[in-house]
Amino acid sequence: MNKKSKFLAFPYLVWMAIFIIVPLILIAVFACTTKVAVDPVDGHRLSEEEIEAVNEAYIEENGEDAEIPEDLIPQKTVFTWDNLLAVSTYMPTLINSIWLALIATLICLLLGYPVAYIISRIKVSKQKMMIFLMILPMWINFLLRTYAWMSILENNGLLNKFLGLFGLGPYQFINTQGAVVLGMVYNYLPFMILPLYSIMVKIDGSTIEAARDLGAGSPNIFRRVVLPLSVPGIVSGVSMVFVPAVSTFIISKMLGGGTNMLIGDLIDLQFLGASYNPHLGSAISLVLMVFILVCMSITNSLDDEEMEGVIV
Amino acid sequence: MRRHVSRIYMAIIFFFLYSPIAVMAVYSFNSSKSRTVWTGFTLDWYGKLFHNETIINSLGVTMIVALIASVVSTVLGTLAAIGIFNMKKKSRGLVMYFTYLPILNPEIVTGVSLMLLFVFAGLDMGFVTLILAHISFCVPYVILNVLPKLRQMDMSLCEAAQDLGCNQRGVFGKVIIPEIMPGVLTGFLMSITYSIDDFVISYFTHGAESQNLSVTIYSMTRRKVSPEINALSTIIFLIVLAILLIMNITDAKRQKKLQRRAA
Amino acid sequence: MKKSLALVLVFMIVLAALSIFLYTWKNPQQPDEPDIEDGEGDGEDEEELSFSDSVDWDRFRGQGITINVYNWGEYISVDEGDGEFDTNAEFEKLTGINVNYSTFATNEELYAKLKGGGTKYDIIIPSDYMISRMINEGMLEKLDFDNIPNVEYMDDTIDTSYDQNGEYSVPYMWGVCGIIYNTTLVDENDDFETWNILWDPKYMGSILMFSSPRDAFGIAEKKLGFSFNTEDPEELAAAAEALKEQKPLVQAYVADEVFDKMGGGEAALAAYYAGDAITMMEDNPDLAFAIPREGTNIYTDAMCIPKGAPNKEAAEMYINFMCETKVALANVEYTCYSTPHTEAFEYLDEETQNSVSYPSEEVKLTGEVYRALSDQGSRLLDEHWTDIMSSGNSNPATVIIFILACVAAIIVVNVWKHNKKKKIELEEVELR
Chain A
0 MNKKSKFLAF PYLVWMAIFI IVPLILIAVF ACTTKVAVDP VDGHRLSEEE
50 IEAVNEAYIE ENGEDAEIPE DLIPQKTVFT WDNLLAVSTY MPTLINSIWL
100 ALIATLICLL LGYPVAYIIS RIKVSKQKMM IFLMILPMWI NFLLRTYAWM
150 SILENNGLLN KFLGLFGLGP YQFINTQGAV VLGMVYNYLP FMILPLYSIM
200 VKIDGSTIEA ARDLGAGSPN IFRRVVLPLS VPGIVSGVSM VFVPAVSTFI
250 ISKMLGGGTN MLIGDLIDLQ FLGASYNPHL GSAISLVLMV FILVCMSITN
300 SLDDEEMEGV IV
Chain B
0 MRRHVSRIYM AIIFFFLYSP IAVMAVYSFN SSKSRTVWTG FTLDWYGKLF
50 HNETIINSLG VTMIVALIAS VVSTVLGTLA AIGIFNMKKK SRGLVMYFTY
100 LPILNPEIVT GVSLMLLFVF AGLDMGFVTL ILAHISFCVP YVILNVLPKL
150 RQMDMSLCEA AQDLGCNQRG VFGKVIIPEI MPGVLTGFLM SITYSIDDFV
200 ISYFTHGAES QNLSVTIYSM TRRKVSPEIN ALSTIIFLIV LAILLIMNIT
250 DAKRQKKLQR RAA
Chain C
0 MKKSLALVLV FMIVLAALSI FLYTWKNPQQ PDEPDIEDGE GDGEDEEELS
50 FSDSVDWDRF RGQGITINVY NWGEYISVDE GDGEFDTNAE FEKLTGINVN
100 YSTFATNEEL YAKLKGGGTK YDIIIPSDYM ISRMINEGML EKLDFDNIPN
150 VEYMDDTIDT SYDQNGEYSV PYMWGVCGII YNTTLVDEND DFETWNILWD
200 PKYMGSILMF SSPRDAFGIA EKKLGFSFNT EDPEELAAAA EALKEQKPLV
250 QAYVADEVFD KMGGGEAALA AYYAGDAITM MEDNPDLAFA IPREGTNIYT
300 DAMCIPKGAP NKEAAEMYIN FMCETKVALA NVEYTCYSTP HTEAFEYLDE
350 ETQNSVSYPS EEVKLTGEVY RALSDQGSRL LDEHWTDIMS SGNSNPATVI
400 IFILACVAAI IVVNVWKHNK KKKIELEEVE LR
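Chains as they are written, first to last, in numbering that gives the first Met the number 0: chain A, 0 to 311; chain B, 0 to 262; chain C, 0 to 431.
Just so you know, these hints were derived from the structure itself, not from any lab. Be careful, since some hints might not be right.
[Unchecked claim] Which bits of chain A does chain C cover? Going by a derived footprint, with three or more residues having C-beta under 8 Å, they are:
(1) 86 to 94
(2) 119 to 125
(3) 149 to 155
(4) 264 to 276
[Unchecked claim] With a cut-off of at most 25 Å between alpha-carbon atoms, the simulated DSS-like pairs for lysine-lysine come out as follows:
(5) 201(C) / 160(A)
(6) 421(C) / 222(C)
(7) 222(C) / 201(C)
(8) 89(B) / 416(C)
(9) 92(C) / 47(B)
(10) 122(A) / 252(B)
(11) 114(C) / 141(C)
(12) 32(B) / 160(A)
(13) 419(C) / 34(A)
(14) 201(A) / 419(C)
(15) 416(C) / 75(A)
(16) 125(A) / 32(B)
[To be verified] Here are some of the chain C residues that sit facing chain A, going by a computed Cβ distance under 7 Å:
(17) 249
(18) 250
(19) 376
(20) 388
(21) 412
Keep in mind the model is a prediction, meaning the values are calculated, not measured. Glycine included, C-beta positions come from ideal geometry on N, C-alpha and C.
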């Protein structure tokens, strides 16, 4: 090991520049530009009326059936704040996504915390098996798992059929915000449990015993010993659930029926969906990214430890 | 009492995690295409699976992409980790910041930005773009798995090796690589898992000829998922389950042996 | 340690072997000679039909050419195990050209994929207004009709004004739009021949609406008595307002999901295309179909070749193949849409010829065709659509609350950190 070996990172640095930095710059560039029609002669921006006038003049000149050539009116990319300003129109969607993602994260935390604790306190030989069983569902494609939830939640689905046996329902489960949150919780619960577990397994059992010997009751042990020690796990678990949940676009489409649009759907709509506008899409992506990175820097400051170990 | 409570709680969580999978598996034996009405038992879908060209094709694409992407990113990431480890503190911080970005960033932003890049560079969407995209989200996981191992490594080992007349290459091959191997392996396995499971980034970077399984399933979910896909997933699930069980059993056996020896 | 290494190696080898196996499976050796055996399961009608020798089908055999076809979902005859005519497989068998088939759900999705997706297709099947838009933007290739002699079968009475000189496209199917309803879930005394039924609060939560903006807007425009092709900002705004009003009643915005949802009795009402309605009615006899009298959309979907298609001539052969009477008949029987192919129409039974797919002159008179909107118009429509889809979640006041909450969070975190630091410093002082 010596100073020379830092050149081993060189291929990666090139890679990083091309595939991490340049794409992000492209997003920023797209977000701040738009294409406008310009005058072929002096290059000034044309208004709608002027464009029409040019087209009409061409048709008059070349007869009714003439096709208007595509380069009759050249297009130019110009700088603009319009896209970023337009994002403010979609703030309610962003807030709705954040709200649903927060609820899902909270539920994941409440459900996952006891699971992680229980697993970390059983026999070591069994722990591995339990963790495997937690990860195993992730080997099934998440679209299929979500699709299976559709069959369960539908109006004529398995859950309503089951409730029907007791004369209950049918209830509307699918195409509601609740279904979207359920989908998020289901898909991202393992992301909460794993980091929590990896932190809790490090809590020494003798620390808890010592606290008990010193007369602390269970609630006190939890509040004074287990909880503070597991903060790093909570922080990384929360961010690992929140980020994918806030930006998901499939779960809302499949379980929300397209009526509960999230910010991810909005981005998809602009790039490969029904209203093509990559400039607006980039602007929304940029806002979403900045929001996430700000959140991350806040949560990271809560937890000064390096996160490498936690993510892994 | 407390033990019972925690048992029941774990049972409920497992029920929650596995009930959709159970539904999927059960209906892969359903004789009709219905997702909710049971019409009778059949193994037809398992037979038909191997004649469904679309599914088999995309399974092939998924495998090839996962394999190439994880091998390349493991090599690239391991070298990068060693290099980064030897950097000065400041430049290391900067590089690590950009390494974290793809992990912290929402997947959809990564996908969209890569799509913009490929279109901007004039690349046609296809195998190449899919593999490039997969490599770029796999590399950070390899780096983050290898770096801690480097940090745990005892530096005097290298020095000792050098003192004993080992040259640069020898130190690298005989000391460093074996020391960080567990991290490299974990990184490799994580890359494969993420690559196979990925949908969002593939959705934005796949081409007409390179649809992987996730993308194919997505286009199916817009109509009706054919039970063949359920059959395929059930098979994959059982294979993974079997591998994990075998690993666990051999592990337990080894541990027993160790204990016996210790006693 | 060694064990896990061995395990990973084994895993890798298995994976590699599997991928090679799958890959060779993917590209089966091109048959050098056309298969002589005929598809056993072909319907009786097709038995008497065979492929014409209008072009030399074998021209590209053995060259390993693959064409990418991008079509609507559920819009081609496939063999689902019941021995139906499998269009793409038959084409591969006849010509030795591989077909790579993928599907889209809306015209706009197709447009986005071509415009910004960097994907190369050889055949696309957009609808009328999208074809005009693509021609205007120079996205389509002119067809060489010498390679497509079967175009002679096309019905001249079809409105092909979207492609004025008929240079860019060959019609595939046409049809009308209407309302599908489940007779067991609706009040049968209601009037289903009006778009207003989709705004009836009684059916809250059981209405399915188009996820394609042009179709959704069309319905609102007809309800309000506008033209499908209005570009008047006020009329568009009014239509958007109507769609927003309808949103709380809508269970889901769908494309081909409609087959599953209506077929399974998930929803009571849906606006969709006539051909698909017939397909659904075959599966679920409770369904019925009505064409609203305010007027409906008469559309034509046509086969085109996008600019820069890698295999233009092979693509033209595909178009010619699709215009073979046998193929056109199989496709129209499978999709239940309306065929522009005069010969294939003759082969249809009388019941089909009189079904809703071939509406009366009366319906045709009230019907209207979508035309391409100007850039300005389509941008306005897209903006309204994004707005409709994202509306109704929360009110603007929450924006301010949200920003305040963010600021508060940052302050709290910083104060907390500051205090913690101080506390640690104090403790350290005490310790000393």
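Hints and how they fare:
| no. | hint | result |
| --- | --- | --- |
| 1 | 86 to 94 | holds (count 7) |
| 2 | 119 to 125 | violated (count 0) |
| 3 | 149 to 155 | holds (count 3) |
| 4 | 264 to 276 | holds (count 11) |
| 5 | 201(C) / 160(A) | holds, 24 Å |
| 6 | 421(C) / 222(C) | violated, 68 Å |
| 7 | 222(C) / 201(C) | holds, 18 Å |
| 8 | 89(B) / 416(C) | holds, 24 Å |
| 9 | 92(C) / 47(B) | holds, 20 Å |
| 10 | 122(A) / 252(B) | holds, 15 Å |
| 11 | 114(C) / 141(C) | holds, 18 Å |
| 12 | 32(B) / 160(A) | holds, 18 Å |
| 13 | 419(C) / 34(A) | violated, 51 Å |
| 14 | 201(A) / 419(C) | holds, 24 Å |
| 15 | 416(C) / 75(A) | violated, 49 Å |
| 16 | 125(A) / 32(B) | violated, 39 Å |
| 17 | 249 | holds, 6 Å |
| 18 | 250 | holds, 5 Å |
| 19 | 376 | violated, 10 Å |
| 20 | 388 | holds, 5 Å |
| 21 | 412 | holds, 5 Å |
The structure is inconsistent with the numbered hints 2, 6, 13, 15, 16, 19, although it conforms to all the rest.
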